[in-house]
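Q: Chain by chain, the residues:
There are 2 protein chains.
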Amino acid sequence: MDTIVSEKALRAFMERVFEKEGFAAPDARTIADVLMQADLFAIESHGAQRMMYYHKNIASGSVNVQAVPEIVRQTPVSALMDAHFAMGQLSAAAAMRLAIDKAKATGVGIVCVRNSSHFGIAGYYPLMAAREGLCAFSMTNTGPIMVPTFGREMMLGTNPLAFCMPADPVPFWFDASTTVVTLGKVEVYAKREKPMPQGWTIDENGESCADAQKMNRSILAGEMGGILPLGGEGELHSGHKGYGLAIMVEALTGVLAQGLLSPEMQGAHGDHTSHFFLAFDPAIFGDPAEIRAQMSRYLQMLRSSEKLPGHDRIFTPGEKAFEAQARRMREGIPVEEKTLLELRAIAAELGVEAV
Amino acid sequence: MDTIVSEKALRAFMERVFEKEGFAAPDARTIADVLMQADLFAIESHGAQRMMYYHKNIASGSVNVQAVPEIVRQTPVSALMDAHFAMGQLSAAAAMRLAIDKAKATGVGIVCVRNSSHFGIAGYYPLMAAREGLCAFSMTNTGPIMVPTFGREMMLGTNPLAFCMPADPVPFWFDASTTVVTLGKVEVYAKREKPMPQGWTIDENGESCADAQKMNRSILAGEMGGILPLGGEGELHSGHKGYGLAIMVEALTGVLAQGLLSPEMQGAHGDHTSHFFLAFDPAIFGDPAEIRAQMSRYLQMLRSSEKLPGHDRIFTPGEKAFEAQARRMREGIPVEEKTLLELRAIAAELGVEAV
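Protein chains in written order, with the numbering used here: chain A, 1088 to 1442; chain B, 1088 to 1442.
Chain A extracted, bound-state conformation (with noise of 0.2 Å):
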């Protein structure tokens, strides 16, 4: 049974804990907005159901609430952040910030930033250009999840590409793993002790594998078997494409950052994760007014193109998640019971108010 909570209430009750943890008020409503966002969007998996998670990394210190980013390395059109395994929330939002300043200076801008921690949603980032008329890109390493094509292996984390663009009535707001389902699906079956779809996983033996509680435990162990790369096993529905995804996202994250690569990183949401943000400013190419309503128009044109039978919605990236936004702002969020009693818990063992 889910509790539905008011938009407003789980927020302060967000802000009240990191505030309690140690973040200076500022911070507090930055990390809780990266969580907020996620939850309006229905991605609940990186809302308030990572609260406990969060509380975990900052209790064992693998969190450094103290820490304060550094630029070790800047021109006027990029810079290298090292997060000092700060919140990823806050090294990735000063970042991408850093991003858009540089794309409204000198048109585009590239910042890099290691030893960071999880940031929540890729997407959040690109969403903060959006808003100021900017493109943007975000991606991000993870700890290790993902087999290579031909391989049993975890070498390559979740690794999400994000990207939006101003658009109307809503931007284009794209952001998606580069395996072919995240781990929090896995997690979902798990819990619901439902099998798998074939083609999500691979167990030790590099069998297709439908059983979600054993893939799950596996994953988490670091064993042989992972997810599968978007487009599945094999080069037969091009799982070779996916995986070449994820390799680019650590390249530009990882290796370009000089942080740690997927591989070497402790659990599958990973420790120390790099970042790659970059924005730019589509008035270098023409008016922007002209290149959004082109947009919008583009946008209107796949909404509005022959449908399947049984379809009579065609969606594009980011319309369910605005769509659930303006709900959730009206009706409120929805909180599993398993979530809820975390969020006690947390507000229990730090003595602030609950949700």
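Keep in mind the hints are simulated off the structure, nothing from the lab. Just so you know, not all the hints are guaranteed correct.
Heads up, the list lumps identical chains together, so a pair's fine if it works in one copy or across two of them.
[To be verified] Derived DSBU-like pairs: lysine-lysine, alpha-carbon spacing no greater than 35 Å straight-line:
| id | residue 1 | residue 2 |
| --- | --- | --- |
| 1 | K1095 | K1107 |
| 2 | K1301 | K1394 |
| 3 | K1394 | K1272 |
| 4 | K1425 | K1407 |
| 5 | K1278 | K1394 |
| 6 | K1272 | K1407 |
| 7 | K1107 | K1143 |
| 8 | K1107 | K1407 |
Given chain A's structure and the hints, the job is docking chain B onto it.
A: Chain B only, in chain A's frame:
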């Protein structure tokens, strides 16, 4: 039966043809170099096999031999080029050259091109940058062949994304369409009269279709049905991610360059395509030799990781291509009989020496 033609002979033939078509000698060399790179990398669909396609486009005036691509807008980090319907290889190579020069001067260069034409393999252009120590992306829209998730009307192109980063012994070279397979693969199955695997295409009713001849015909005729996005049908195996990546490519090409959009183009390959090139210098983030060594080390980790039973190698993107190149430089390039007849027909028509 394939005929083996030496690299030197095939290249010289292509150069003769393009000179006779009316291109200046350096331009003929550039076009031939892009096509030869495809044949050397064993991407036969984009090499000599495409000579007849280009020949027809030149004859019909769809490609303008006299066109001089024009820079219509420029900043130190960016440019917008109007190709005036030049050969795609010429506008693309000039645009990537400009992006490389800007990246060397400022750290990063982005160049968009509109009113171009089919530019060959997307991966040719980032490889130009990698040879000079830079990292680079290349993307293009094409004529419509892909259906949206939940749709049955072709609204998106092959829309490939290519990325290259220096590494040893071979660069990381990724070049992938955002469809589950290219139209070229459907053509190969149609020629061989073999059924395709399920999950590549859907027919006019939205049913998965294995009939390659039917689908090849209906795609070329612009009828309902088409090739599925990377990830396949619906959302179960994340077809919406391939669909989203394809829209991202369209956003960065047709929309940003303010050219034609895929569904507005004639023909499956697309007549008046737009391109996107981005190059950056890894030196803005650290010692380029160290970054290159780290990338090489990561790729070797992937190759050395645990293999599936029955597989003795894990490849990294580009490895197969560079191995094919070494072999074909030594042993020559296999040319299919049908292609050889086409090359001879072009030679006879233009009055140049055949291959």
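Q: Are the hints correct? Go through all of them and say.
A: We went through each hint and held it up to the structure:
{"no.": "1", "hint": "K1095 / K1107", "result": "within (18 Å within a copy, 71 Å between copies)"}
{"no.": "2", "hint": "K1301 / K1394", "result": "between (38 Å within a copy, 21 Å between copies)"}
{"no.": "3", "hint": "K1394 / K1272", "result": "both (27 Å within a copy, 25 Å between copies)"}
{"no.": "4", "hint": "K1425 / K1407", "result": "within (25 Å within a copy, 48 Å between copies)"}
{"no.": "5", "hint": "K1278 / K1394", "result": "both (34 Å within a copy, 30 Å between copies)"}
{"no.": "6", "hint": "K1272 / K1407", "result": "both (18 Å within a copy, 33 Å between copies)"}
{"no.": "7", "hint": "K1107 / K1143", "result": "within (14 Å within a copy, 71 Å between copies)"}
{"no.": "8", "hint": "K1107 / K1407", "result": "within (34 Å within a copy, 54 Å between copies)"}
Checked against the numbered hints given earlier, this structure breaks none of them.
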